[in-house]
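Number of protein chains: 2
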Amino acid sequence: MATHSSNISVSYSNLRDFIHSAMLSQGLPDADALKVASLMAEADLQGSDGHGVIRLPQYIKRIRAGGINKNPNIRVVHEMPGSAVVDGDNAMGHLVVSHAVDLAIEKARHCGVAWVSTRMSNHAGPASLYSRKTLQHDMLGLYFAVGNANHLPPWGGSDMLLSTNPISAAIPGAEEPPVVLDMATTVAAYGKVKAKAKRGEQMPVGWMIDRQGQPLTDPNRANEGFLLPIGDYKGYGLALIVGMLAGTLGGAAMGRDVIDFNADHVSTTNTGQAILVINLAAFGDPAVFKQAVDKLVRDIRGSEKLPGVERIWLPGEQSHEKRQAYETQGIPIAPFLFDELNLLAAELKINPMVKNTSK
Amino acid sequence: MATHSSNISVSYSNLRDFIHSAMLSQGLPDADALKVASLMAEADLQGSDGHGVIRLPQYIKRIRAGGINKNPNIRVVHEMPGSAVVDGDNAMGHLVVSHAVDLAIEKARHCGVAWVSTRMSNHAGPASLYSRKTLQHDMLGLYFAVGNANHLPPWGGSDMLLSTNPISAAIPGAEEPPVVLDMATTVAAYGKVKAKAKRGEQMPVGWMIDRQGQPLTDPNRANEGFLLPIGDYKGYGLALIVGMLAGTLGGAAMGRDVIDFNADHVSTTNTGQAILVINLAAFGDPAVFKQAVDKLVRDIRGSEKLPGVERIWLPGEQSHEKRQAYETQGIPIAPFLFDELNLLAAELKINPMVKNTSK
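Protein chains in written order, with numbering that gives the first Met the number 0: chain X, 0 to 358; chain D, 0 to 358.
Treat the hints with care, since some could be wrong.
Any copy will do: because identical chains look the same in the list, a pair fits if it lies in one copy or spans two.
[Stated by the list, open to error] Once the Cα atoms are required to be at most 25 Å apart in a straight line, the calculated SDA-like pairs of lysine to any residue come out as:
#1 321 - 258
#2 294 - 158
#3 294 - 157
#4 289 - 10
#5 69 - 194
#6 304 - 222
#7 195 - 219
#8 304 - 212
#9 34 - 294
#10 304 - 202
#11 34 - 255
#12 34 - 213
#13 193 - 223
#14 191 - 232
#15 348 - 26
#16 191 - 155
#17 304 - 62
#18 289 - 88
Hint data in this document are derived by calculation from the structure and do not stem from the laboratory.
Sequences and hints are given; from them, build the entire structure.
Right under this line is the structure:
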């Protein structure tokens, strides 16, 4: 299997252009294709490699099957000064959530805070891609989403009524990088289970259980069990609340209504997301806030360490370092994925992906 | 030690009146004393017995030591249409948070959503006491707080820079009880550790570790270690984000600045809380939303169960059942606490607590 050192490297702009071409080949309008491509490539740029270009074949499959509206009328269906519901008209999720985030930022300028929910959206990539969009406006962002496949039962149950419903928060510092949390409410995201299977590795106890409640460690038997929530019943509660906020509130799918978009490429997913934007200027001087964040970040980083611990990380700090490195060195792409994408390119009759020539 | 069956039972109104008298004896204005008493008794009524009248001796100690402002000027110091910062002027926390919640509900009526932060507040009891206040207005509430003592280091560290920073969410159903999450971001709240010590029991592995990173199971050695966050690094991230939202954003204490209010009865705690209120009417027809919540609740409750599981609970459902039972049967008070409170009553020269005569 591929190891990190054998990865191929692709520049952000080449990756974006490749995805752009792929989306254009499917008939998306140019501006939409470019926006989706930019966000997908940015996911890889920040190290969210389970949510970037690796999803392209699946997205293309769904578009071809008619499961995505290529010419959507994304529109606001409910609105108050600080809130809105955006109906995505079954567009690519990246377009719907971008629309929601831009609207929430505008509303937060005037109200101090804003909450925008989406309905009729689709999978939109990593949560932090959107919470982070607030940072350049001296705002902070929280993002909630209903995951696109149910792998989590209620605590004590065995019906998979919940997804890994993620939470993200992005909080700006002054000189320090932003604090960016991006987490599934399960111990492991389902993508990590699939990655273990690909690598032929066992899962640690605590990731999954089987229908008897016994630990499940063979990732090839993943369909015989379910994910475990963080903190037992607490993570179940969090996944449920996140799902109600991101799904039920805006009229999107939740619970039994969630479509498994890995298995079904046609049915409308009616995916829901929600973005909460807080305008720092409404709470005092943003510069004072950001200095307080820096102080906190430095206190935490400087904490005494447990034996054997080399470094204390802030949420989002590893992703921040990847972003900085990949901007100059290019984005690592696993060889199996590189090959898969170039097979796709041949099929779509677009140019293959261009890898970096310098090592 | 006290067992449940030997508990003494006290009616809500008798418990409230007792606390009211205690607060009056310390010179709180009547309306303030009554509001604090009502909220503290309500905490016990909903089964949050670690955050109700059990805290009275500590609160009295702090008031007597001058650590609480008995005649505060609780006021808004920053405001936009959907947001505010409430400076509590070092009042009893219950008064400050009530003020913030009332303001947020009013703002959400006009903006669709509102976020109100507190600073210069104090310990205010269980988180769900406040998130729930939104329900009767066809709104939903989220509440975040900075805990009043640091027992949690950053992941990999051993400096206790974080508290158990709780999250609560209250979401109304139509016929079903509301879904109410109220959780610390640590595996166990510190109060549970203290309860284990009182009962002479060991803690399970996973609650605490010592400064070598080894499991700590003796609750009498709790000061030699720290609490563990839910989901390892994820809970650390959550505790940090909650603390920044509830503390840093509004200019309240966070990180190194948090006062251990168990050890220090004098220093101003500058406690911060935050309430987010969402007006259901801004997102569609509240009745439709509440019916969707009912359907989800019933699907979850009706899930197939793992072997040995008798019932699947929704977040807040056990508390809801306690509230219903205690309203008619009275609130159980452990004998040690009943005795402690009546010793306090003698000291304060107020009437002792009246227990239920029936049974």
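Measure nothing new, just compare the shortest in-copy and cross-copy C-alpha distances for residue 34 and residue 255 to 25 Å and report within, between, both or neither.
Cα proximity of residue 34 and residue 255: none, with 31 Å in one copy and 42 Å across.
Taking 25 Å as the upper bound on the Cα-Cα distance, should residue 191 and residue 155 be classified as within, between, both, or neither?
both (23 Å within a copy, 22 Å between copies)
Residue 69 and residue 194: within-copy, between-copy, both or neither at 25 Å Cα:
neither (31 Å within a copy, 59 Å between copies)
Alpha-carbon proximity between residue 321 and residue 258, which holds within one copy, between copies, both or neither at 25 Å
Intra 33 Å, inter 37 Å, cutoff 25 Å: neither.
Within a copy, between copies, both or neither: which one fits residue 304 and residue 62 at a CA-CA cutoff of 25 Å?
neither (49 Å within a copy, 37 Å between copies)
Using 25 Å as the alpha carbon limit, work out where residue 34 and residue 294 are close: within a copy, between copies, both or neither.
neither (36 Å within a copy, 37 Å between copies)
Is it within, between, both or neither when you check residue 193 against residue 223 at 25 Å Cα-Cα?
Classified as within; 14 Å inside a copy, 40 Å across copies.
Alpha-carbon proximity context of residue 191 and residue 232, limit 25 Å:
both (22 Å within a copy, 16 Å between copies)
Go through the copies and call it for residue 195 and residue 219: within, between, both or neither, with a Cα cutoff of 25 Å.
Within one copy only: 9 Å inside a chain, 41 Å across chains, cut-off 25 Å.
When no copy is named, should residue 34 and residue 213 be tagged within, between, both, or neither for a Cα gap of at most 25 Å?
This pair counts as neither: shortest intra-copy Cα distance 44 Å, inter-copy 49 Å.
If the cut is 25 Å between Cα atoms, do residue 304 and residue 202 qualify within a copy, between copies, both or neither?
between (27 Å within a copy, 24 Å between copies)
Intra/inter-copy verdict for residue 294 and residue 157 if alpha-carbon distance must be at most 25 Å
Result: close only across copies, 18 Å inter versus 45 Å intra.
Figure legend: structure checked against the earlier numbered hints; hints not met, in rising order: 1, 4, 5, 9, 11, 12, 17.
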